[in-house]
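Model the full assembly from the supplied sequences, consistent with the hints where possible.
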Amino acid sequence: MHVRARDLIDRVLDAGSFTAWHDPMPEPAHIDAAYAADLHAARERTGLDEA
Numbered sequence: 098m099h100v101r102a103r104d105l106i107d108r109v110l111d112a113g114s115f116t117a118w119h120d121p122m123p124e125p126a127h128i129d130a131a132y133a134a135d136l137h138a139a140r141e142r143t144g145l146d147e148a
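Under the working numbering, the first residue of the sequence shown is numbered 98, with each subsequent residue one higher.
Just so you know, the hints here were simulated from the structure itself, not pulled from any lab data. Ideal Cβ positions, reconstructed from N, Cα and C, are used throughout, including at glycine. Heads up, a few of these hints could be off.
Simulated DEER-style distance windows between Cβ atoms [said to hold, decoys possible]: (1) ALA131 with ASP111: 37 to 45 Å; (2) ASP111 with ALA134: 34 to 42 Å; (3) MET98 with ASP129: 28 to 36 Å; (4) ILE128 with ARG108: 31 to 39 Å; (5) VAL109 with ALA130: 33 to 41 Å; (6) ALA133 with ASP111: 31 to 39 Å.
Rendered as structure tokens:
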């Protein structure tokens, strides 16, 4: 069974107790336009900045 990261956090931690300690992920230095568009779409779809 596949459990998404956000679902796991919701199951394991008390509501409101999780604080991310990382800075937003930087854009990769040299990527083509199609991959950049895929990254943007994934961020929009998930509301997350990393896998």
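Taking the hints in turn, this is what the structure says about them:
In this structure, ALA131 and ASP111 meet the distance hint of 37 to 45 Å, their C-beta atoms being roughly 41 Å apart. For the hinted restraint 34 to 42 Å between ASP111 and ALA134, the CB-CB distance of approximately 37 Å keeps it satisfied. Distance hint for MET98 and ASP129: a CB-CB separation of about 35 Å, consistent with the stated range 28 to 36 Å. A C-beta distance of roughly 34 Å is found between ILE128 and ARG108, which places it inside the suggested range of 31 to 39 Å.
Checked against the given bound of 33 to 41 Å, the beta carbons of VAL109 and ALA130, roughly 38 Å apart, stay inside it. For ALA133 and ASP111, the Cβ-Cβ distance of about 37 Å falls inside the hinted range of 31 to 39 Å, so the restraint holds.
In summary, this structure violates none of the numbered hints.
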